[in-house]
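Going line by line, the protein sequences match chains A and Z.
Quick note, in the working numbering, the first sequence goes up one by one and the last residue is 138.
Quick note, in the working numbering, the second sequence goes up one by one and the last residue is 529.
For the record, the hints were derived by calculation from the structure and aren't laboratory data.
Don't take every hint at face value.
So these bits of chain Z aren't anywhere near chain A, every CB distance computed over 10 Å [claimed, not checked]:
hint : residue
1    : L57
2    : L89
3    : L92
4    : A235
5    : V243
6    : L260
7    : A315
8    : G414
Here are the computed distance ranges between Cβ atoms for each label pair [as the list claims (entries may be wrong)]:
hint : chain 1 : residue 1 : chain 2 : residue 2 : range
9    : Z       : A301      : A       : R53       : 54 to 64 Å
10   : Z       : G314      : A       : W22       : 41 to 51 Å
11   : Z       : A363      : A       : R3        : 46 to 56 Å
12   : Z       : L395      : A       : L23       : 35 to 45 Å
13   : A       : F5        : Z       : E219      : 55 to 65 Å
All C-beta atoms in this analysis are idealised placements derived from N, C-alpha and C, irrespective of residue type, glycine included.
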Amino acid sequence: MPRLFATWRGWVIAAVIALQVWLPLRYYLGTRDPHDERFAWRMFSPMRMARCRTTFADRGAPIALGGEFHEAWLELAQRGRFAVVEAMGAELCHRRSNAAITIAMDCTYLDQPAASFASGADGRMHASTPPADICGAD
Amino acid sequence: MSRKRHRPRAPAPAAGAAAPPAAAPATTTAVATAPEQPVFWFGFSVPYAKVVVTRVLLFSVLALDALLQIRHAPRYGAGGFNVAQLPGLDHLGPSRVGFGASELALAACFAFATLGVATRAALAIAAALYAWLYFGSQVDSYQHHYLVVLVLAIASFVPWQRPANATAATPIRSWALRLILVQLALLYLWAAISKLDGAWLDGRTLALQLGSASGTPVERLPAISRIVEHTVGWATAAKLVLVSEVALAATIWHRRSWWLAAPLGVAFHIGIAMTSLEIGLFAYIMIAAYALVIPDRVYLAAAPLVSRVGAPAGAAIARAVSRVPRGWPTAGVALVAALALGFACRLEDAGAIALVVAVVALAIGSRRARRGASPVPPALALLAATTLWFAVDHLSTVTVDYYRLWGGSSRRLGDRDDAVRAYTRLVDLEPDSAESHLHLGRALLDRDDGDDATAGVAELRLARAADPHDARPYVEEARWLARHGHRADALATARVGVAVDPHSKEAHAAIEALVSAGGDPAGPAGGDD
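Take these sequences, add in the hints, and give me the full structure.
This is the structure we're talking about:
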């Protein structure tokens, strides 16, 4: 049996392959955010065509995001990426004193029924819950 | 049985003594190996000619790609917001300036690698910089940049430089080259798995991304999309993509199937290059990488031919080069020329980065000189890099796009000083552009600080002079006049706008707002930048 791990080179090879098997597999094993296809080599997949209408509100009043974030971030929000949307919400809490920021996201897909997500009090996006203020989250 | 053994990490056979004759295939992986290490990885070798061709093609395309990325720099750190690819790195992500400077440095690293100067160090630095740019911010959503990070990191372990007395056929053994191929195979495999979905297989996904279903009129679709729509249709094309990816996953890493993988992969990526997908030079990067997959026997057959055909030119070049002194005076001239080009380049911070890379080139040259080698190659590599910077600056829209996008995002995000700074530079670059004068005029009137109003109106008048049929400079001036209580003048100016362009919706809207009970004519901010 050849010993791959006899040298550091073997460890590098094994690490690269393990990473390239595990990271994409993680997406299929179930991920919190189905829109986040990073590291999964899902270029131009049907999920890439998801369109999400993401609404940020402060005490119920919608926030115009054009003057808050660069359009590249707005585009990622439109693609439904939770990590970006959550960070944008946290940033709005930081920028506005005494704010109560809620996030609602309605997404349509090519290959599955539409779905809605909303912010939880923990500052993270969840499926089918009423939007909660994220500004109290840690 | 010898294929199950391997010699662990001896350098590639020295040229001359160990190299096989040029006619002998250098493709065999069954190099004598020490026991206990898998020959699949550690016995993998390719002819030196392939290493050189791959190096030149791949890193020159990456150098060009790095410079073309600079137009995206303004989105990095804009508005003081960032989300990194990896948790905890949000505050370490690149800024606009850091991104632009890094891309210039990356292009220099790739120029060094292309020319075989300090290749492994250049690639290690490039891998680190590329990784920082990619992992530092999710604003880079191109998965192929992630692939480039991986390939560069692995490529740092490839012996790219010419061994002493190497010929085209000299076998270069490298586990890292094999790992790059396996990495590509895994990418194709996962890409294929992601397409095992009804919405892909029935062609809907592809049609929406590339076809008339995307909303693009048929006559404006790229030729390849029109061909698909008028022949096989998107469902068949989608299945062909899937089959191609499965075939490439199965064949790209295995020497015996390169005869299939090379033409299939090149054709596949040429097809992608012909689409309207906004993926920069990715398809060309992949085509360059396929130099590694072209069967070794092609290189071995081509080498004598190239050598015979190129012999007269080669001899002439060699004669010319032999007349050039290979010492410090030549290196100095090259360095000065490189710095002059760097400072003449209009990309932000190009002069400073050229200076830093010149210091590195000097250090490499000194090290080479101490070992009795010529200090000229590092200086020439820097000259090649800054020549490329200068060419991209003057032959592409990168520099103009950079300042236009920087000004646009600064204006939208309320950073009026940066907007004025960016648009002032834009006007310097394009003094005859009506659009640039309009942007600067609007930014100055937005800021309205000190002499800004006078300067802003002057810029709007320059915009009018450059394009007498554009109503927007009149509308902007009318809005500014209205904001300052000069309603009658504002109305008159907006009416001139309608006169020069009767179809201008902005001008009509401004007049309506002014006429209706002293309404505010300030319409939506222009979004054309």
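Worksheet entry | Hints violated by the structure (numbers, ascending) | 8 and 11
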